[in-house]
Amino acid sequence: MKKKFVLVLLLIFFSITFIILYSSLHKVEIYIPEKITNKSTIKFSAKDLFSNKEIDFNSLVKNDKLTIINIWASWCQPCRDEHPFLMKLGDDKNINLIGISYKDNIKNSKKFLNDFGNPFSNILIDKNGLISINIGAYGVPETYIINADKKIFKKYIGPLKEKNYLEIMSLSNENN
Amino acid sequence: MIFNHIGYYSLVFGFFISLYLLFFSMFLYLKGKLNNQLNLNIYYFSSLQLFLVILSFISLIISFILSDFSNETVYYNSHTTKPLFYKIAGTWGNHEGSLLLWLLVLTLFIFIFILKSNNQPKLYRLLSIFFQQIIITGFFLFLLITSNPFNYLFPIPIEGLGLNPILQDPALVIHPPILYLGYVGSSIIFSSSLAALIENNFSKIWAKHIKNWVFVSWIFLTLGILLGSIWAYYELGWGGFWFWDPVENVSLMPWFSLTALLHTISVLEKRQLLKSWTIILSISTFSLSMSGTFLVRSGILNSVHTFANDPERGVFILTFLFILIFLAVFIFFFFSKNIVNLNEKNFYWLSKDSSIIINNWFMMYFLSVVLIGTIYPIFLEVITSDKISIGPPFFNKLIVPFLIPFLLIMSFGPKLKWIKDRFNKLELDKIFFFVISILISVLIYEKLGQKNLLITILIFASIYLFLISLIELIKSRNNLSQKLSHFGFSLLILSILFNGLFSKEFSSNMKIGDQIEFDNKLIKFKNVESKKGSNYNSIIASFVIEDENKRISKFFPEIRIYNQPNIMTSEADIKTSIFQDKFFVINFLKNENYFNVRYQVKSFMIWIWISTLLIVLGGLIGLVRKIK
Numbered sequence: 001m002k003k004k005f006v007l008v009l010l011l012i013f014f015s016i017t018f019i020i021l022y023s024s025l026h027k028v029e030i031y032i033p034e035k036i037t038n039k040s041t042i043k044f045s046a047k048d049l050f051s052n053k054e055i056d057f058n059s060l061v062k063n064d065k066l067t068i069i070n071i072w073a074s075w076c077q078p079c080r081d082e083h084p085f086l087m088k089l090g091d092d093k094n095i096n097l098i099g100i101s102y103k104d105n106i107k108n109s110k111k112f113l114n115d116f117g118n119p120f121s122n123i124l125i126d127k128n129g130l131i132s133i134n135i136g137a138y139g140v141p142e143t144y145i146i147n148a149d150k151k152i153f154k155k156y157i158g159p160l161k162e163k164n165y166l167e168i169m170s171l172s173n174e175n176n
Numbered sequence: 001m002i003f004n005h006i007g008y009y010s011l012v013f014g015f016f017i018s019l020y021l022l023f024f025s026m027f028l029y030l031k032g033k034l035n036n037q038l039n040l041n042i043y044y045f046s047s048l049q050l051f052l053v054i055l056s057f058i059s060l061i062i063s064f065i066l067s068d069f070s071n072e073t074v075y076y077n078s079h080t081t082k083p084l085f086y087k088i089a090g091t092w093g094n095h096e097g098s099l100l101l102w103l104l105v106l107t108l109f110i111f112i113f114i115l116k117s118n119n120q121p122k123l124y125r126l127l128s129i130f131f132q133q134i135i136i137t138g139f140f141l142f143l144l145i146t147s148n149p150f151n152y153l154f155p156i157p158i159e160g161l162g163l164n165p166i167l168q169d170p171a172l173v174i175h176p177p178i179l180y181l182g183y184v185g186s187s188i189i190f191s192s193s194l195a196a197l198i199e200n201n202f203s204k205i206w207a208k209h210i211k212n213w214v215f216v217s218w219i220f221l222t223l224g225i226l227l228g229s230i231w232a233y234y235e236l237g238w239g240g241f242w243f244w245d246p247v248e249n250v251s252l253m254p255w256f257s258l259t260a261l262l263h264t265i266s267v268l269e270k271r272q273l274l275k276s277w278t279i280i281l282s283i284s285t286f287s288l289s290m291s292g293t294f295l296v297r298s299g300i301l302n303s304v305h306t307f308a309n310d311p312e313r314g315v316f317i318l319t320f321l322f323i324l325i326f327l328a329v330f331i332f333f334f335f336s337k338n339i340v341n342l343n344e345k346n347f348y349w350l351s352k353d354s355s356i357i358i359n360n361w362f363m364m365y366f367l368s369v370v371l372i373g374t375i376y377p378i379f380l381e382v383i384t385s386d387k388i389s390i391g392p393p394f395f396n397k398l399i400v401p402f403l404i405p406f407l408l409i410m411s412f413g414p415k416l417k418w419i420k421d422r423f424n425k426l427e428l429d430k431i432f433f434f435v436i437s438i439l440i441s442v443l444i445y446e447k448l449g450q451k452n453l454l455i456t457i458l459i460f461a462s463i464y465l466f467l468i469s470l471i472e473l474i475k476s477r478n479n480l481s482q483k484l485s486h487f488g489f490s491l492l493i494l495s496i497l498f499n500g501l502f503s504k505e506f507s508s509n510m511k512i513g514d515q516i517e518f519d520n521k522l523i524k525f526k527n528v529e530s531k532k533g534s535n536y537n538s539i540i541a542s543f544v545i546e547d548e549n550k551r552i553s554k555f556f557p558e559i560r561i562y563n564q565p566n567i568m569t570s571e572a573d574i575k576t577s578i579f580q581d582k583f584f585v586i587n588f589l590k591n592e593n594y595f596n597v598r599y600q601v602k603s604f605m606i607w608i609w610i611s612t613l614l615i616v617l618g619g620l621i622g623l624v625r626k627i628k
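Top line first, the protein sequences correspond to chains X and F.
Quick note on numbering: the numbering used here labels position 96 of the first sequence as 96, and the sequence is numbered without any gaps.
Quick note on numbering: the numbering used here labels position 230 of the second sequence as 230, and the sequence is numbered without any gaps.
Heads up, a few of these hints could be off.
Said to hold, decoys possible - Calculated Cβ distances over 10 Å to all of chain F for the following chain X residues: (1) K43; (2) A46; (3) K53; (4) K88; (5) D91; (6) N114; (7) N122; (8) D149; (9) I152; (10) E162; (11) S170; (12) S172.
Claimed, not checked - To spell it out: a stretch of chain F is covered by chain X in this simulated footprint if at least three of its residues, at any positions, have a beta carbon under 8 Å from a beta carbon of chain X; those stretches are: (13) 142–155; (14) 319–329.
Said to hold, decoys possible - In silico SDA-like cross-links for lysine to any residue, where the CA-CA straight-line distance does not exceed 20 Å: (15) X:K3 / F:R477; (16) X:K4 / F:I331; (17) X:K161 / F:T146; (18) X:K110 / F:L153; (19) F:K337 / X:L9; (20) X:K4 / F:V329; (21) X:K2 / F:V329; (22) X:K4 / F:F333; (23) X:K107 / F:L153; (24) X:K110 / F:S336; (25) X:K127 / F:P155; (26) X:K2 / F:I339; (27) X:K107 / F:F154; (28) X:K4 / F:S336; (29) X:K151 / X:E162; (30) X:K161 / F:F335.
FYI, nobody ran anything at the bench for these hints, they're computed from the structure.
Don't be surprised by glycine CBs; every beta carbon is placed ideally from N, CA and C.
Work out the full structure: start from the sequences and follow the hints.
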């Protein structure tokens, strides 16, 4: 009797541990706002993917819209996964979505957008990856939300999920 | 390119072989016989499995050497400008590669187990192989489903993303493999204790045979933790060797459990006692090793780490881990009636057996402290969304006071006789050492003045253990391994204490030409120059420290800016001598003329490494003597 009791107790204990650890997995917050907010304003210029003209990033930020930077590459699988969300964000009139093409072949980038659609208002080329590193990227894909001072106030590492998408949409609605 | 395919398909074949071995060993077990032909069969298949995993691992290494960026793992973790040595090390410096290494060690160990366990009962062997193959199959699945090291990238990128420069350090090249050898060794202990439980095979021969595996895992685990600590000291540039960081704690937990097992198994061997406890420790050591892998690899502990962070992996390891735990718990409860305890209550209070039990209590206490300190923040965050962080003060406050009785018991426990000892011999030398230890600690207390009493008593206890075990070492060579390890442990505690008490630190912002006085010495900032390394640019500052006798020592701390990925690291200039390390490190400041300068004098630093090595050496001697 006593033995069975211990067994049941152990099973309950381990089950609870399992459930808690399991839910902690889904709690891993991948954006780290507090680390980035103090960073200096984003400043760079790069060539545009389509017009091939040098464009200053500052000229792209508009005060009446929420500016979002998305770093992507055609060779990156998770970028394909998040693309449908980007398409929806691109449709929103209050959002200004700027793409950075990270270490990518120009032909492949264009083909990717041709195949999956182009949600970006502008795409800047980051051939050697330096621009992305300077604004604090770990890899692709990453998505940054920029405030009016041209500072990053939110950062998503890894592909956007449904949850992140809804969060961005609510931010965009607040803005107006 | 081709190596991608070779590596991947050998993994797939290896997986099928482990399925075959899994069912075959169960089938033979149920049939209840194992003749030589079948024995050979198992032997061949297990060597084939080992060969395939080695092949796969070598393919990955070659992909790294050739910088084959069509391989996703290589692309994310390597770069053409990286030195060859670190290209190779990059193989296991990442998630996929390190899991492949786990698998390699798993298959290697089961192969050795099959070779070395011929004198054991056949059914017991079959069952051990069966349990071990469950673990191996799980790891194959984990690799193939969630962490394939041979994912193909197209179009092929021109250049890789590079390995984090702080991982480019010789100690870190061997740290993970060594630690894994320790972790994986505990899987053999896990499988064979379960098998022994079912078969009720707790003979002296079994205890001896499993003790070898306990020694092997313990040696590697200790060495692995030491290497991690050395890496943190030399590379992180914080001047410390242990930070109670969750990732460190995770390797310490199985160590406590394994150390308890190491002592308990002797009681089993000598007196046929503590059988259930041995099983429980075997199960918990392995579960803790697996949870360590889970916590580190799932990203719960280091969520900022990578973009390839995938909760799916965490779910897999977690589920797998709990399947194993539940399996073990059920087996334990259904078969523990097999254990016949003839004289379980038969422990006389003054005997070696009892002192080992006390050792186990302490180990379990230390384990619980570390476990709670590491896991509790995670639990709290899930349940209440509060974030707390538990730092060194928690661990120090809960562990340090308990070290005092622990050290004292350690100083007389090993000399007690088995079963029953008597208390009639008050030896003069012991009293003599007791008095000497008190005198020395009081002297240290007086010299430092303001320090607290607890530390003084702790110094006394460790000096006492130090003297006693030193004398024992000199007296006779019997039981050398135990004496050496205990001596090493007392030395370790003493070095850590002195390191904490006598270390000095100076930190300030300086520009070229500045002079600052510190501890009767003059620190002068001479100049900086820049230099180009193989895959980084560096800025080297030169400092001169002049003491009151005008003796001069020069320091050249360095800041490296790696090109791929673009990361800055501070390389400390460390001058090691017998009694102290001088540690000099600089950092950039926003204002470009100034540097942040840190100069530390760390006492007895090198003795922390030496004493841990002595502990390991003790284990090694024990193992070698046993195998003979």
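Here's how the hints hold up against the structure:
{"no.": "1", "hint": "K43", "in the structure": "holds, 16 Å"}
{"no.": "2", "hint": "A46", "in the structure": "holds, 17 Å"}
{"no.": "3", "hint": "K53", "in the structure": "holds, 24 Å"}
{"no.": "4", "hint": "K88", "in the structure": "holds, 22 Å"}
{"no.": "5", "hint": "D91", "in the structure": "holds, 26 Å"}
{"no.": "6", "hint": "N114", "in the structure": "holds, 15 Å"}
{"no.": "7", "hint": "N122", "in the structure": "holds, 23 Å"}
{"no.": "8", "hint": "D149", "in the structure": "holds, 19 Å"}
{"no.": "9", "hint": "I152", "in the structure": "holds, 15 Å"}
{"no.": "10", "hint": "E162", "in the structure": "holds, 14 Å"}
{"no.": "11", "hint": "S170", "in the structure": "holds, 19 Å"}
{"no.": "12", "hint": "S172", "in the structure": "holds, 24 Å"}
{"no.": "13", "hint": "142–155", "in the structure": "holds (count 3)"}
{"no.": "14", "hint": "319–329", "in the structure": "holds (count 4)"}
{"no.": "15", "hint": "X:K3 / F:R477", "in the structure": "violated, 46 Å"}
{"no.": "16", "hint": "X:K4 / F:I331", "in the structure": "holds, 13 Å"}
{"no.": "17", "hint": "X:K161 / F:T146", "in the structure": "holds, 19 Å"}
{"no.": "18", "hint": "X:K110 / F:L153", "in the structure": "holds, 18 Å"}
{"no.": "19", "hint": "F:K337 / X:L9", "in the structure": "holds, 19 Å"}
{"no.": "20", "hint": "X:K4 / F:V329", "in the structure": "holds, 12 Å"}
{"no.": "21", "hint": "X:K2 / F:V329", "in the structure": "holds, 15 Å"}
{"no.": "22", "hint": "X:K4 / F:F333", "in the structure": "holds, 8 Å"}
{"no.": "23", "hint": "X:K107 / F:L153", "in the structure": "holds, 17 Å"}
{"no.": "24", "hint": "X:K110 / F:S336", "in the structure": "violated, 66 Å"}
{"no.": "25", "hint": "X:K127 / F:P155", "in the structure": "holds, 15 Å"}
{"no.": "26", "hint": "X:K2 / F:I339", "in the structure": "holds, 17 Å"}
{"no.": "27", "hint": "X:K107 / F:F154", "in the structure": "holds, 14 Å"}
{"no.": "28", "hint": "X:K4 / F:S336", "in the structure": "holds, 12 Å"}
{"no.": "29", "hint": "X:K151 / X:E162", "in the structure": "violated, 24 Å"}
{"no.": "30", "hint": "X:K161 / F:F335", "in the structure": "violated, 47 Å"}
This entry does not satisfy hints 15, 24, 29 and 30, going by the numbered hints stated previously.
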